[in-house]
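A.B. asks: Let chain E serve as the given structure and place chain U on it in line with the hints.
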Amino acid sequence: MNCQEFLARLDAHDALDLPTDLEGHAQDCPACRARLAAARRMGEGLAVLRGAVRVPDLALRIRQAAARNPASAGSSVSWGEWLMDWWMWLAPTTPFKSTVFYGASAAIIFALCWTIVARVPPNRQEMAPPAMAWTLAMERGSWPEGVAVLPGTDRASVALGQRLAFPAGAQGRLVWPGRAVVSQLDGRVVPLADGVRLEAGTARLDVEPKPAGAPPFQVETPFARITVVGTSFRLLVTASRLDVEVMAGRVRVQAGVHDRTLGPGESVAVDARGEIAGPAVAAPSEVNSQSDRPEVPQD
Amino acid sequence: MKFTPETPDQTLLQEILKGDLDAFEHLVRRHQGVVYRFLYHFLGNAADAEDLTQETFLTLHRKLSQHNPALSFRAWLMTIARHLAISHSRKNVPTPLDPAMLAAAIRDVCPAPERELLLKEASEQVRAALARVAEVHREILVMRYLLDLPLHEVAELLNIPEGTAKSRLFKARAELRERLEAGERGAGAVAPAMAGGS
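Line order of the protein sequences matches chains E and U. Okay, so the first sequence: first residue is 1 according to our numbering, each after it adds one. Okay, so the second sequence: first residue is 300 according to our numbering, each after it adds one.
In short, the hints are calculated from the structure, not lab data. Please note: incorrect hints may appear among the correct ones.
Unchecked claim - With a straight-line Cα cutoff of 30 angstroms, these simulated DSS-like cross-link-like pairs (lysine-lysine) come out:
#1 U/Lys470 with E/Lys97
#2 U/Lys465 with E/Lys97
#3 U/Lys362 with E/Lys97
Claimed, not checked - Under 10 angstroms between C-beta atoms, here's a sample of chain U residues computed to sit facing chain E:
#4 Ala348
#5 Glu349
#6 Arg361
#7 Ala404
#8 Cys409
#9 Glu420
#10 Ala421
#11 Val425
#12 Val435
#13 Arg476
#14 Leu479
Since the model is a prediction, treat every value here as computed from it, not as a measurement. Glycine included, each C-beta is placed from N, C-alpha and C at the ideal position.
This is chain U alone, in the form it adopts within the complex:
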């Protein structure tokens, strides 16, 4: 069977249940981006994100018969990824960002060279602070600001009402901002060290 980008997820799932690995590969290619980016930002580690992306899809492959077609497939997939990430993140330490990748991202945000150092420092500080934020807050910050998903979709992926997602995001922003403030107040030496570490 030939699969196209328009082939619905449900059709792919039915084919996977019949043992079609082409359908599975197609499904992975379609959703690996959101899963990997979520895990990468949540864990702060590319190698772990790769391993857990694979584990997420293999778990999905094993549990496919349990999926309720009435519920969002993407929400189910992200639930698997979140559970794996939370159980893994307690033993995880963020690794430094790839300097080339970071420089490219900074140029996308602000092409002015004089701002490059400041943005690099800010991104390193935010990354370090994000790693210390409570998991329940970290996941919503990652989904909303790093995956750039609209709030209603974040609520759907987290299986919570939109109002709950909004108030949780409010608290998550406050926690991240307070951690950044605390870092700026108490670690004048930390910021340059982190910036230099990349």
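Here chain E stands alone, though its shape is the one from the complex:
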């Protein structure tokens, strides 16, 4: 008998008394002798412990507790008990359950980590939104309502999507540094992430050529959308039409199915039906020139 056979016979023996044929190998092998001694102590100890218990009579105490319990026999199980049952069913109490439990846990953790890693862009800086800070400075008249002037300056920071309603006769400069300057007279304008929405009034726009990779500057109006590459132009939005007048560069005007590109000195008018009239050569005009300021109906 070798040590492996000895161990197999030692542990596989179901009864507490040990097989007698193990003695021979144990006499020659100190390690197996120690194992046999431990197995003997185990058998003796278990035999003593088996009898070293006195069972108290708990029947009456348990009956009284059941009688005190408001839940009657067979009543519904509480959520806590239900959860405990599930945990006991799932708990890694056997080698097989442990394998399943820890395997499933590892798979879930891996999947979560993978999801998080896959969502993070390789270079956060590439994905960072462009620095944008529209500011407003008034040239004439009072400030639009809701605008907070920066302390110690004559400018106000304007949030994206914040509607600026200019009082009649007021004129201001909406500046996106390095990108565009919108000189607004009367009416309402809303700064956006890629341009402005001109809802009413007159505006002159000076737009720098767009940086590589940046989206084109856009002007939304009730009647048409104007896409800018790099130019200077003037817009007048009234209740019934839009006038576009280009001073420099090129401007594309889209109104419904109509599409027109204007060059320097050209102008068009877009009506409420989306019809584009023009082009025509525009007369020189400036927003901040009070004399040629067109009349702007406030809706």
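C.D. replies: Okay, now just chain U, sitting in the frame of chain E:
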């Protein structure tokens, strides 16, 4: 209704469902021994064993409508006790054995007085080692050797095939023996201390 030791468990269960507390008390008296002894040996603590025996039967009382009559009632009862014991045993510390009870048990095993000290020491060592054995191994060791149940009944109470019970018992014996060996090798001072502690 008068209940006798021959009244089947299923009859008692039906009466309990109707609200008969006499039937419940009768059922508790019939099965409290196996439940208490299992919990006592598994937890190593008499007070906890009493509390969990009560909790086992109260849980059974609440969940009685869920019991499938086709399955063994005893296996279901022991499943409740095992679950409570496992959830409790992580915060449990075995307490010393009652010396009088231990002495009586030793006399039952071996009446020779010269062996008394050795057996006392062995039982304390086994008890300490058993508390450190994995729960899945401890429960099968307790059922097979301390409750003295035959292997087929242990398999039934654990809801596992007999072959699985046999191989699990093999590993459990090996683990307990190795822990005893490790204790003997590394704790010459521990054994007397434990023996003296009782």
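A.B. asks: Each of the hints needs a verdict: does it hold here or not?
C.D. replies: Verification of the supplied hints:
no.	hint	in the structure
1	U/Lys470 with E/Lys97	holds (16 angstroms)
2	U/Lys465 with E/Lys97	holds (18 angstroms)
3	U/Lys362 with E/Lys97	holds (25 angstroms)
4	Ala348	holds (9 angstroms)
5	Glu349	holds (6 angstroms)
6	Arg361	holds (5 angstroms)
7	Ala404	holds (4 angstroms)
8	Cys409	holds (8 angstroms)
9	Glu420	holds (8 angstroms)
10	Ala421	holds (4 angstroms)
11	Val425	holds (3 angstroms)
12	Val435	holds (5 angstroms)
13	Arg476	holds (5 angstroms)
14	Leu479	holds (4 angstroms)
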